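First to last, the protein sequences are chains A and B. Just so we're aligned: the first sequence equals residues 1 to 311 in my numbering. Just so we're aligned: the second sequence equals residues 1001 to 1258 in my numbering.
Bear in mind the hints are in silico, worked out from the structure with no lab data behind them. Treat the numbers as computed from the prediction; the structure is a model and nothing was measured. This list has only true hints and no planted wrong ones.
In silico DSS-like cross-links for lysine-lysine, where the CA-CA straight-line distance does not exceed 27 Å:
no., chain 1, residue 1, chain 2, residue 2
1, B, 1005, B, 1075
2, B, 1017, A, 202
3, B, 1137, B, 1127
4, A, 211, B, 1240
5, B, 1075, B, 1017
6, B, 1075, A, 198
7, A, 284, B, 1088
8, A, 117, A, 38
9, B, 1153, B, 1010
10, B, 1005, B, 1017
11, B, 1088, B, 1064
12, A, 83, B, 1239
13, B, 1005, B, 1064
14, B, 1153, B, 1064
15, A, 202, B, 1146
16, A, 198, B, 1078
17, A, 202, B, 1075
18, B, 1005, A, 284
19, A, 287, A, 3
20, B, 1135, B, 1065
21, A, 211, B, 1075
22, A, 178, A, 12
23, A, 12, A, 152
24, B, 1156, B, 1135
25, B, 1156, B, 1017
26, A, 303, A, 284
27, B, 1239, A, 91
28, B, 1088, B, 1005
29, B, 1017, A, 198
30, B, 1152, B, 1017
31, A, 202, B, 1078
32, B, 1240, A, 83
33, B, 1183, B, 1156
34, A, 38, B, 1005
35, B, 1146, B, 1127
36, A, 202, B, 1172
Which stretches of chain B does chain A cover? Using the computed rule of at least three CB atoms under 8 Å from a CB of chain A, they are:
no., region
37, 1035-1047
38, 1207-1220
39, 1223-1229
Glycine included, C-beta positions come from ideal geometry on N, C-alpha and C.
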Amino acid sequence: MTKLHVNLPGLKMKNPVMPASGCFGFGQEFARFYDLNKLGAIAVKAVTAHERSGNPTPRVAEVDGGMLNAIGLQNPGLEHVTKHELPWLEKFDTPILVNVAGNEIEDYVHVAESISKIGNVAAIELNISCPNVKEGGLLFGTDSVMAAELTKAVKAVSKVPVYVKLSPNVTNIVEMAKAVEAAGADGLCMINTLVGMKIDLKTGQPVIANKTGGLSGPAIKPVAIRMVYEVSQAVEIPIIGMGGIHTADDILEFMMAGASAVAVGTANFVDPFACPTLIDDLEKRMKELDIEDITSIIGRGWKSLNKSISS
Amino acid sequence: MIVDKLEIVKQEELAPKIFEMTLTGNSVNEMVTPGQFLHVKVADGIDPLLRRPISICNVDIDQKKLSIIYRVEGKGTKRLSERIPGEKVDILGPLGQGFPIDQLIQGNTALLVGGGVGIPPLYYLAKLLVAKGIKVKTIIGFRTEKDIFLEKKFAKLSDVTITTEDGSRGTKGFVTTAMEEQKNSYDVFYTCGPTPMLRAVQLAATSTGYVSLEERMGCGIGACLACVCDVNEPAEGEKKYRKICCDGPVFEAGEVVI
Ligand SMILES: Cc1cc2nc3c(=O)[nH]c(=O)nc-3n(C[C@H](O)[C@H](O)[C@H](O)COP(=O)(O)OP(=O)(O)OC[C@H]3O[C@@H](n4cnc5c(N)ncnc54)[C@H](O)[C@@H]3O)c2cc1C
Ligand SMILES: Cc1cc2nc3c(=O)[nH]c(=O)nc-3n(C[C@H](O)[C@H](O)[C@H](O)COP(=O)(O)O)c2cc1C
Ligand code: FES
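Chain A extracted, bound-state conformation (with noise of 0.2 Å):
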């Protein structure tokens, strides 16, 4: 028998696949397409203590395999997501992690703190990592002492695990993660988007409304490979990997880079059956390649490396 499931703090997956937020909505879209018990666990769109209405459009473009993307965390708002989204996730025997955004210490913690008490909220991915809004997000994920402040004030009031969503737009990624371990978090989610931008060669100017805007898709994961490298052999927390995964094939690649879970993001907009179609795909390729246990794969990629190193 092959063995999918993984267990990280607050959520017990029956494979390693979930749709990564903001590419998943609340899930009822996609609810259409498949059943979502099919899933691992469901990153939902990042929950802000008020409704936000986001950026100007054009909000995407697309890019050399890539896109690029500046919706401004456009949502209902805590108390909408309270009363509407999350019981209608409840029929699912499927965990769900909640992305929490906001410009003020305080606000993430009023939103944590209330969202954590819902009973099917499994854990919370802290999201300091957005690239698209001007205050709060990003300024948080590129200084460590005010992420590791910032986790340390979500812990102390959330109910459930707290997962950091770190930023790639830093210097030094080991830096963040290890500040937020410290701080508290019980795991780490990489990568965010990165930022970019796109000319329109007519008009002269950026495409996206908000000049920039995050790069998501297959053109970045060789980054997002490298950070869960380095950061999984300088942390004990587990980390959720994801950017750019397209096929089982980049499920394995990040497990064996150090990855305890994925999350899969652009590839929905692809294909709504991307993420059913991967957890089928990680099966056969398991089959295939001789693994027996998802789990036996991860941190491999520098795992035999250390070993063939002391001995």
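Position chain B with the ligands relative to chain A; hints supplied.
Relative to chain A, chain B with the ligands alone:
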């Protein structure tokens, strides 16, 4: 709403850079509302990565065939134009809310106003309207004479007025120039085309009507919030935005800010 692979039966260049692609497959049975669109994966693999939204232009349910008409703009539509009969195209659809026609009664007159590649979705609409006993008048606008397409097909169904910006054929000017002559002669209007044209048509119209909008899309199914537009005067407690991919692309004139 399904993902399917439709087989290309025909690919034809109607005018410079304007292609008509005819596709066949069982799911064509579901593509029955004019104004809906397909999210087309123009080629396998990750280049280009995202799907391209293209309107359904015509449907033949008996023959399980549908057609799309598109202009080669960039990488994606270029790649689509290179596909050949016998190959299969991955489509997601039908998506969005199309043009409502149930409210009309026999004897009503509908004015269809289209510009450039906004014209194709109006063709299937014209067909259904005529079948319902609605009188159809069509104004279709192009830059210049050689860009003209679908004229003959529309002529079989409706009174057609052609406008060209340079006056090389038909009325010189924009579609709104030709709308002047049709003042108060229709009960409803339907329009699709570039955004500045939609604004002008909405202003010039003398009846209620429907506009079909365009926006850059991610998912096409309502999950990513790439394609939003603002509601004109949202009621207290109502949503202040609409998603063009699933609440639209067709909206009642005046409902959203364009
Ligand atoms: C609901 C809807 C229906 C449409 N129907 C038709 C049709 O029937 N015939 C037709 O020729 N065109 C139609 N378009 C426009 C068509 O989607 C774009 O021309 C096409 O996506 C351009 O892709 P490209 O790769 O050739 O261009 P590129 O400029 O290389 O595209 C880059 C990216 O921008 C997006 N993009 C560029 N222009 C547009 C645009 N005008 N609208 C939305 N996204 C855009 C592309 O989808 C792609 O993601 C429709 C658009 C929408 C939203
Ligand atoms: C349209 C879009 C919206 C996103 N919204 C969020 C968000 O609300 N919160 C968040 O933490 N990450 C968000 N992300 C980032 C993704 O969760 C993910 O980290 C990133 O896209 C990399 O994965 P991918 O290459 O598989 O897409 C968004 C990404 C995209 C493309
Ligand atoms: S394109 Fe994703 S919500 Fe409309």
